[in-house]
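1 is the number of the first residue of the sequence shown in full-length UniProt numbering; add one for each residue after it.
It is worth saying that the hints were derived from the structure and are not from the lab.
Positions of the beta carbon are idealized from the N, C-alpha and C atoms, including for glycine.
Keep in mind that a hint or two might mislead.
[Unchecked claim] Pair ranges (Cβ atoms, derived): (1) 148 x 266: 25 to 33 Å; (2) 259 x 294: 18 to 26 Å; (3) 297 x 81: 24 to 32 Å; (4) 192 x 127: 22 to 30 Å; (5) 301 x 127: 23 to 31 Å; (6) 156 x 301: 45 to 53 Å; (7) 130 x 230: 16 to 24 Å; (8) 155 x 309: 50 to 58 Å.
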Amino acid sequence: MDSRSLNTKSSVETFISLMQLDPAPIETDKDLPPLPEEAADADSTTAASIANTSVSGSTGSSLGLSGSGHGAVYYLARIQRYSSYAFSIFTTVHLATTSIVPLLTRSVSSSESYLLLSREIYQTRISEPLLVAAPLAAHILSGLALRLVRRSQNLKRYGGATPGVMVPAKSRGRGREPSAWPQLTYTAAAGYGAAAAVFAHAFVNRGLPLLVEGDSADVGLAYVAHGFARHPAVAWVAYTSLLAVTAGHVVWGWARWLGLAQGAAWDSSAAVVGRDVRKRRRRSWLLINGGALVGALVWAAGGLGVVARGGRSRGWVGDLYDAMFQKVWL
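Just need the whole structure built from these sequences, with the hints factored in.
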């Protein structure tokens, strides 16, 4: 067999392909290894560390923070992950009573009792901070902290240049250098959008009644239906935005926790991956996006198809809802 038949790529092209990163790089919760000077400093302080460990080792070991070798990235990644578990409990119950139940009953008034019942699960003095406020805050803050820590590591080790990425020749000399910030994925971008939408939703449906009436007992699906009837443009834009970014972020986030999202992409470079790998990545991409689409459609079927068409509330209840919306200039 002719040995030249094996060399289908030039040496320069092969070298460049080896220096390229995958479009969806692996996100790891492990810290980068220490620099040589950091290792030298660690060796010089080993004796002092052993002496200190003999005194405080029992306390550190009981907390799981001593001798584990884990850094900030490790703990922040776990805070971000496990906080999403707790918040998913609230999300599942809330979506079931505000979308699935109305879709089955085809009536706003018939679904109100199920919503009131679910509030006994996630809207008490104990459960609301544990299942809603604390997990949401921990998830967002840990994600922001992870980006800051990884940026600091990139600056410390590479001076702002992303390792393994070759700057094209046509881009050199234009004053544009690789950013030290970690790659902003679509899942993370959707998460920031979902955070803004969720905060706005929580303010209108939870915070505003507390500020105006001191209680949110009179706020339910009829309140949402009244808002759609009185201010349809604002309500439709706000609700569809909440639905789109939240469904995408939740489904892609859970796909990542389950190990399904890594490498999922529609467009992959043929110089880096083979045909079979590219097909597998496309199947994963279609599966995850299909799940997000199905979730969004089910959510919209109950929320937009039933609740949004519930119409205005009459009498003093309608006047109360109008007074609340006037506080936010609606």
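Quiz item: Holds or violated: 23 to 31 Å for the Cβ distance of residue 301 and residue 127?
Solution: holds, 28 Å
Self-check item: residue 155 versus residue 309 beta-carbon gap, inside 50 to 58 Å or not
Solution: holds, 53 Å
Quiz item: Do residue 297 and residue 81 keep their Cβ atoms within the hinted range of 24 to 32 Å?
Solution: At roughly 27 Å between Cβ atoms, residue 81 and residue 297 fall inside 24 to 32 Å, so the hint holds.
Quiz item: Cβ-Cβ distance between residue 130 and residue 230: within 16 to 24 Å?
Solution: violated, 34 Å
Quiz item: Taking the beta carbons of residue 259 and residue 294, is their distance inside 18 to 26 Å?
Solution: holds, 20 Å
Self-check item: CB-CB spacing for residue 266 and residue 148 relative to the 25 to 33 Å hint
Solution: At roughly 30 Å between Cβ atoms, residue 266 and residue 148 fall inside 25 to 33 Å, so the hint holds.
Quiz item: Honestly, do residue 192 and residue 127 meet the 22 to 30 Å range at C-beta?
Solution: Roughly 26 Å apart at Cβ, these two residues keep to the hinted range, so it holds.
Quiz prompt | Beta-carbon spacing of residue 156 to residue 301 - inside the hinted bounds 45 to 53 Å or not | solution = The hint (45 to 53 Å, Cβ to Cβ) holds, given that residue 156 and residue 301 are roughly 50 Å apart.
Checked against the numbered hints above, the structure breaks only hint 7 and satisfies the rest.
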